[in-house]
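A.B. asks: If you want the building blocks of each chain, they are given just below.
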Amino acid sequence: MELVQLLISGISQGCVYGLIALGFVLIYKATEMVNFAQGDLMMLGAFIAFGFINVLGWPFLWGFLATLAVMGVVGVTLERLLLRPMIGEPPFAVLMLTIGLGFILRAVAGAIWGYEDKTLSTPYGANEAEGREGVSHWGEISIGHENIAVVIGTLALCFLVFIFFRKTRVGIAMQAASQNQLAAYYVGIPVKWIFALVWGMSAMISATAGILVAPLSLINPIMGFVGIKAFAAAIVGGFGSLPGAFLAGLMIGIVEQFAKHSLPPGLEGFSETTAYVILLVMLFIRPEGIFATMQRKKV
Amino acid sequence: MRFVLKTRYAQDVEIFKHSGQRFWYVVLTMFVFVAPFLLGDFYTGELALVFIYAIAGIGLMLLVGYTGLVSLGHAAFLAIGAYAHAYFMTQGAPFVVSLIGATAVCVIVGAIVGIPSLRMTGIYLAVATLAFAQIVQKVLEHWESVTGGHRGMAVPEPELFSWSLGTPRAFYFLVLAVLIGALFVALNLLRSPTGRAMIAIRDSEISAQAMGIHLAKVKTTAFAVSAGFTGLAGALFAHKIGYLAPDAFTILISIQLLLMVVVGGLGSMHGVIYGAIFIGLLPQGIAFLRESLPAGIGQIPGLEPGIFGLILVLFLVYEPLGIFGRWVKIRLFFSEFPLYRKSTYKRQKSYLRTERVH
Chain A
4 MELVQLLISG ISQGCVYGLI ALGFVLIYKA TEMVNFAQGD LMMLGAFIAF GFINVLGWPF
64 LWGFLATLAV MGVVGVTLER LLLRPMIGEP PFAVLMLTIG LGFILRAVAG AIWGYEDKTL
124 STPYGANEAE GREGVSHWGE ISIGHENIAV VIGTLALCFL VFIFFRKTRV GIAMQAASQN
184 QLAAYYVGIP VKWIFALVWG MSAMISATAG ILVAPLSLIN PIMGFVGIKA FAAAIVGGFG
244 SLPGAFLAGL MIGIVEQFAK HSLPPGLEGF SETTAYVILL VMLFIRPEGI FATMQRKKV
Chain B
378 MRFVLKTRYA QDVEIFKHSG QRFWYVVLTM FVFVAPFLLG DFYTGELALV FIYAIAGIGL
438 MLLVGYTGLV SLGHAAFLAI GAYAHAYFMT QGAPFVVSLI GATAVCVIVG AIVGIPSLRM
498 TGIYLAVATL AFAQIVQKVL EHWESVTGGH RGMAVPEPEL FSWSLGTPRA FYFLVLAVLI
558 GALFVALNLL RSPTGRAMIA IRDSEISAQA MGIHLAKVKT TAFAVSAGFT GLAGALFAHK
618 IGYLAPDAFT ILISIQLLLM VVVGGLGSMH GVIYGAIFIG LLPQGIAFLR ESLPAGIGQI
678 PGLEPGIFGL ILVLFLVYEP LGIFGRWVKI RLFFSEFPLY RKSTYKRQKS YLRTERVH
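Quick note, the sequences are listed as chains A and B, same order. The first sequence: position 2 = 5 (our numbering), numbered continuously. The second sequence: position 329 = 706 (our numbering), numbered continuously.
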């Protein structure tokens, strides 16, 4: 029973990683840029949702949609102001830029909302005023509704993004733009718009991640650091592969929970490094990730 | 612009390109030797900190600016250097032996971390080093018999031949001597075949390999040397802060080191020094800014990392060549006046083509 319980919390934690990794992969797949500020966009999304739902008292669904809209605009604006001048620069410069962006976002969020932990109220989570426990029991196993929401949300988003890239015209145009920017221009794909769109979408995905994660981990400006683990998941999965990111996120989440459970007392803290150990091992034995999307460079 | 007529091949690898440079460097050296007698103890200490940053920056610049390998985990080497040095000293090793020992430990760890770098490029490597740094931080927290865990450990006073280097002025000269030594080693390394091989790898790994450069050897060397310099800086840093705790070496420090080489100007040793001055003086500048701003804005907590991030972003967007690059442009503007053209340093944009299959 205990193992099942661990497995369930591992899956739900893993879905969180997978969900954030989805945002990384989306941007990477379409623009070949690496957005290190993904976790911080998630944090910003959670804070904005908190502002709409808890501070302004909007209904959950409306608050959720409004957050998506705001974050979409934020994503497009960031792309227009910061990332577009970086087109054609080495990947390292973009990486540094997004790291700097993460610092700015954290400082802005801290300045506006402060550094105390906040909780987002949801219609499905525990709520004493309405007498809801927010937990389902099956025999000895109990599952929080927030965890179920994370799993369902992750699966749905993964599926949607996967279909988007495979089936829609815009998704295929995005793939073309990433494979060869110049050639994509020549065949009439508005590459700049594609980039802006991708950033908007990615910001919206991270906002969704933020709203789903907020009930599990409290909202504070440093909650975005979980993004580093999600980044590890994206790489373990083979950067650029959506199913890979999802599976790797699950794997890291589950191993982390089991490590926390089975490490000797005094060393539980090392379970925090699970993601990094898995990443390093993976980079040693199979640097291209679970689902390889890279081939050797041609001259 | 000053053109040097080269009549011998040896001139290509000379440290000073012309006599003017030699003159100004002598002036600068004289100035830094006199500085602690003109400045108070506080500013002498700050300047020593700038020099320590510069030593770490030399290490990172060799890796990022000259070999083209990005590391997001150099705080780990700083930490290993600091802890190793403090541990050796508490075990009774003399100062110089301990300093060399700490550097050696970092060189070995750096070489080990460098091995996976042979199979990784760009982002993958950056994240691998980041992962390494996170693991090192956890080890520092839990290896209590050596590091003291969260309680931290005190660093003994530096002593050279039973002569205390604990005073700000003596410590300043110690750090200055190490910095000059480190600069000398780094500049010599860069004009040696190994250094040239590093630069070749930065410019194009494939063509470097085609020309017969042993990628594995050179990259591992670069990592080891870089870690060594950073570890050396870490050992001195331990004395500067006096008390070591794991949270002194977070990812923020790694980013700060990277910020230093980017803001200074990638691919030049001048850049390291400019970057170190910038990083060293920035906290003072922010503190000053906080006082002069209205109370509501000035008292916001967590302002420093935000300003760090903002500066990094602004430099990357508007002046990717860093402070040194800006200085070179200004110098050219005056020497070419009025014929300076903006497009002289225009960057070549390359349009991206992926190596992914689908």
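Hint data in this document are derived by calculation from the structure and do not stem from the laboratory. Misleading hints may appear alongside valid ones.
Unchecked claim - So the derived label-pair ranges between C-beta atoms look like this:
hint	chain 1	residue 1	chain 2	residue 2	range
1	B	THR627	A	LEU84	51 to 57 Å
2	A	LEU84	B	HIS395	40 to 46 Å
3	A	TYR118	B	TYR402	43 to 49 Å
4	B	LYS594	A	THR122	42 to 48 Å
5	B	HIS519	A	PHE228	15 to 21 Å
Said to hold, decoys possible - Here are the computed lysine-lysine pairs in the DSSO-like style, where the Cα-Cα straight-line distance is at most 27 Å:
hint	chain 1	residue 1	chain 2	residue 2
6	B	LYS617	B	LYS394
7	A	LYS170	A	LYS195
8	B	LYS706	B	LYS394
9	A	LYS263	B	LYS394
10	A	LYS263	A	LYS121
11	A	LYS195	B	LYS719
12	B	LYS383	B	LYS617
13	B	LYS706	A	LYS195
14	B	LYS706	B	LYS719
Where is the CB? At the ideal position from N, CA and C, for every residue including glycine.
A.B. asks: Confirm or reject each hint.
C.D. replies: Going through the hints against the structure:
| no. | hint | verdict |
| --- | --- | --- |
| 1 | B:THR627 to A:LEU84: 51 to 57 Å | 28 Å, violated |
| 2 | A:LEU84 to B:HIS395: 40 to 46 Å | 43 Å, holds |
| 3 | A:TYR118 to B:TYR402: 43 to 49 Å | 47 Å, holds |
| 4 | B:LYS594 to A:THR122: 42 to 48 Å | 54 Å, violated |
| 5 | B:HIS519 to A:PHE228: 15 to 21 Å | 19 Å, holds |
| 6 | B:LYS617 to B:LYS394 | 35 Å, violated |
| 7 | A:LYS170 to A:LYS195 | 21 Å, holds |
| 8 | B:LYS706 to B:LYS394 | 18 Å, holds |
| 9 | A:LYS263 to B:LYS394 | 59 Å, violated |
| 10 | A:LYS263 to A:LYS121 | 25 Å, holds |
| 11 | A:LYS195 to B:LYS719 | 26 Å, holds |
| 12 | B:LYS383 to B:LYS617 | 44 Å, violated |
| 13 | B:LYS706 to A:LYS195 | 31 Å, violated |
| 14 | B:LYS706 to B:LYS719 | 9 Å, holds |
Taken one by one, the earlier hints fail for this structure at numbers 1, 4, 6, 9, 12, 13, listed in ascending order.
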